[in-house]
Amino acid sequence: MQLDKLVVRFIFSSCCLLPSTLLARDIVVNPGEQIQDAVNQAQAGDSVRVMPGLYQETVYIDKDDVALIGVIIDGERAILDGGEKELHDGIIASGHGVNIEGFHVRNYRSNGITTQGANNYRIHNNIVENIHLYGIFPQFGKNGLVSQNITSNTSDAGIYVGISENVDIIANEAFDNALGIEAENSHNILIEANYVHDNAVGIPVVIFPGMQTKTSADVIVRNNMVINNNSTLFERSAMKTGRGITVTAVDRVTIEGNIIKGNSTCAVCINSLSSMGGAFPVDAAVEPEPDHTSITRNVFVNNGYQAVGLEVAGATIKNGADIVNLARGRGHCAAASQGATTLGLSRWADCDPQLSSAHVESYLLAEPVVSQALSRTQKAQLTYHAVCSGCHSYDHTMIGPPMIVIQALYKNNPQGLAAWIAEPTKKRPLEQFPAMPPQNYLSAELRLDLARYILNEVGAR
Amino acid sequence: MKIPYQKAHDIIRLVILCLIGVVCINVVAGNKDPAIELSDRCPPYFRLDDQNLCRLSTLYDLYPLANPKWGGYRVALPERRDGYTPQLIDLGRYLFFDPVLSADGDLSCAHCHHPDFGMSDGRARSIGRHGRGLGPARTGGEELPRGAPMLWNMAFQQSFFWDGRAATLEEQIQTVLETSSEMATSPEQVVASLNEVAVYRRLFFEVFGDEEVSFSQVLRALVAFETSLVSLNSPYDRYIHGDQQAINAQEKNGLHIFRSFASRCSQCHAPPLFTSGQLATTGIPGQPGKPYDVGAESVLDEASLRGAFKVPALRNIARTAPFMHAGQFASLSEAVSFYNNEPGHAVADRDDLTLHWHIVNPHLRADEIMDLVAFLNTLTDEAALPQTPEVVPSGLRVPR
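As given, the protein sequences belong to chains A and B, one line each in that order.
Quick note on my numbering: the first sequence kicks off at 62 and runs consecutively.
Quick note on my numbering: the second sequence kicks off at 1148 and runs consecutively.
What the hints contain is simulated information worked out from the structure, not anything from laboratory work.
Warning: the hint list may mix true and false statements.
Derived Cβ-Cβ restraints for the label pairs, each shown as a range [said to hold, decoys possible]:
{"#": "1", "chain 1": "B", "residue 1": "N1488", "chain 2": "A", "residue 2": "P414", "range": "52 to 58 angstroms"}
{"#": "2", "chain 1": "B", "residue 1": "A1513", "chain 2": "A", "residue 2": "A410", "range": "56 to 62 angstroms"}
{"#": "3", "chain 1": "B", "residue 1": "A1513", "chain 2": "A", "residue 2": "G144", "range": "40 to 46 angstroms"}
Facing chain B, from chain A, some residues (calculated, C-beta under 10 angstroms) [unchecked claim]:
{"#": "4", "residue": "G178"}
{"#": "5", "residue": "A179"}
{"#": "6", "residue": "G202"}
{"#": "7", "residue": "K203"}
{"#": "8", "residue": "Q273"}
{"#": "9", "residue": "F341"}
{"#": "10", "residue": "A345"}
{"#": "11", "residue": "L416"}
{"#": "12", "residue": "S418"}
{"#": "13", "residue": "V430"}
{"#": "14", "residue": "Y445"}
{"#": "15", "residue": "Q500"}
{"#": "16", "residue": "A521"}
Keep in mind that this is a model prediction, so the values were computed, not measured.
Beta carbons are placed, not taken as given, at the ideal position from N, Cα and C, and that holds for glycine.
Excised from the complex, chain A in its bound form (with noise of 0.2 angstroms):
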């Protein structure tokens, strides 16, 4: 587990409009303050370092590379509580590249931290409870890592990798959830070295119908300490308690070398789709399913005892073991040499005893993921096309005056039009043209390189 080298290489990712700054400034906030400002006078590279205390806001992160850091001091952390003024989520980010770490988050109506759509982050060490839907939730992303956190006391799962590729979940304590850490239509996940205890189940790996992706695979479950998993403190999971490790129509994944204790249904459970009833419709897309599991080299100690909700061709059954399976699917292996008590198992195979995960150590990007390369120029280019030209054409008036004016206008004076854009002042009568917007999202660089793109390249056609 290399955790402290990704930080490096994470700083050091992204992306597109913005250049990263070379000089990453620290930026102090203080109970009583916003960190919210803070964020927003952040650029890429800069961290802001939260102090111990109480802070109430939902914090968002909008832009690339940024680090939100709780400084601990003698064991106290800055606190994000949606308590009070029912927020919805503690942080959410749709910025590549950032570094969530440090905070305790409770108390919130949605997620405590949540990333939709970001790529090459880091949520690590972060205290979260008592959420009401997910604690940690990582969505639409690629190359993540969720490190060393413990999350507990939330409605649905403590921790959920949705829709995603290339996700570590390492070292991190989950329990007292609904679900514990949940990895769902995702590829390339490694859930590893976690403590999952007393929730209603501990790991599931499943595929849901209907959404953008219709497959999902290669997932590996090693070394975990999955315990107890038998809550009912939910209303809408008691029913489905006593579930170590769940796989649901998930190709590939690997369950190896873990410890599953105390289980009262089963330390794991194979479904298909459609063993999961009538709550999802049809989506002919997706296979409904598992095939290729392997569960080798685990650990299995009084699983099975008292099953809840477990039906066989619509019989209940009473005692569950420590493998059952429900599904079909090709393929499948358990190793003899676990022991387990088994149910439904009579054709799978034997696991050959050299399979082993071992050659996967982490499912992280060696780079980070990135975007097309483009020249200046031709950034210059697109972005003429991508905005400027919604409202100017070369000759004709659109929305704004048309290039030809513009290019008299600036004749030998690109730094000008760079400057204007970046803060437009109304210049001509308001009957006949709006406000230009502005365009001080395009970095200082890009703006110039648009400028001369326009005042030597844009003609008629």
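Given the structure of chain A, go ahead and fit chain B onto it with the hints provided.
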């Protein structure tokens, strides 16, 4: 954005620009005749490449290349249909506004998808054959079971119509042409009518180099035009690209609720396109006195998709009241409030429906509903609204 785009377009139509004494361009699209010429410029947001093909340009193409099907904020967009010549796109525009495509010569695509009504028609349900007038004032004629969707960002869509029954735009166009309550015609009749118009023969010849118009050429031109309608530059987009002031505090709060997992709006209406492209049963009420619209159930013969519709994209949503497949809600606040209730509350027999698992009661406060509506109003960018031609090649009446 409160820019009077339509007014700006009117100005373009009327104004003859004489600038700096150098250029004098007549921008009036064509006078009564034959002088209709096809544009050699790409529409807004397209760049002409060195093969004379228009390529869509968007700042979203500068973001990291993870899986573009997922959605997100600072993310790349999925594959799109582009690469048509400016002339072909403009030919498609003339066809789109020309009633010559219909059996009776009085119904064009633009009668139901008009620039003055955000490329829709401002009606709960569209009026097809034998109707008169435009927009909410259109009367008589055959009422269709559903409303006309706006046509933004079709270049990215994988299925068409509210129930997703057409897999391609070509299929969608052919359906409209052949439906008896709409254009009530046939490929043969369309081709025959166009071949009778000398101007069309000239324009098709210019674009395709064939003496006779063919149906596949008609489809190609209409698809080229449909895919040229792009909206990806709203105040919301500027905010996402990094202008922290592009939307105000209330709108930002609306964005946070939109993307929260309590409301789950962004799970189905996933940005940047504001649709996941999937089918979902939300439990929108039926229409009084009409049979319940089963949506995708009948398309896929799948009972668990009863009442399922394709998740509509919400770009320019502020321009196209009333909302939902048959205009069930008059305002955005009604449409948003629908979600703030127990799943299935609006349908008579909810046990017949497999509601999507993202339909949950988010228990939003009244101020949060207002914030969501404010946010939906930041998704407006109509810079690429097409110009209504002064005249069309057939000489038939242009809807305006």
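Outcome of the hint check:
Hint check: N1488 of chain B to P414 of chain A, Cβ distance near 57 angstroms, so the stated range 52 to 58 angstroms holds. For the pair A1513 of chain B and A410 of chain A, the beta carbons lie near 59 angstroms from each other, so the given range of 56 to 62 angstroms is met. Range check, A1513 of chain B to G144 of chain A: about 20 angstroms between beta-carbon atoms, so the 40 to 46 angstroms window is missed. For the restraint placing G178 of chain A at the interface with chain B, the shortest Cβ-Cβ distance is roughly 2 angstroms, inside the 10 angstroms limit, so the hint holds.
With a least beta-carbon distance of about 7 angstroms to chain B, the hint placing A179 of chain A at the interface is held under the 10 angstroms criterion. Taking 10 angstroms as the C-beta cut-off, the interface hint given for G202 of chain A holds, the closest approach to chain B being about 7 angstroms. With its C-beta approaching chain B no nearer than about 4 angstroms, K203 of chain A sits inside the 10 angstroms limit, and its interface hint holds. Given the 10 angstroms rule on beta carbons, the hint for Q273 of chain A holds: about 5 angstroms separates it from the nearest Cβ of chain B.
A cut of 10 angstroms between beta carbons decides the hint on F341 of chain A: the least distance to chain B is about 7 angstroms, and the hint holds. Checking A345 of chain A against chain B: minimum C-beta separation of about 7 angstroms stays under 10 angstroms; hint holds. Interface restraint check: L416 of chain A against chain B, minimum CB-CB distance 29 angstroms, threshold 10 angstroms, status violated. A least Cβ separation of about 23 angstroms between S418 of chain A and chain B goes past the 10 angstroms threshold, and the interface hint is therefore violated.
The closest approach between the C-beta of V430 of chain A and any C-beta of chain B is roughly 4 angstroms, which is under the 10 angstroms cut-off, so the hint is satisfied. Checking Y445 of chain A against chain B by beta carbon gives a least distance of about 8 angstroms; that is within 10 angstroms, so the hint holds. Annotation: interface hint on Q500 of chain A holds; nearest CB of chain B at approximately 8 angstroms, less than 10 angstroms. Here the hint on A521 of chain A is kept, as its CB sits about 9 angstroms from the closest CB of chain B, short of 10 angstroms.
Violated hints, listed in ascending order, are 3, 11, 12; each of the other numbered hints is respected by the structure.
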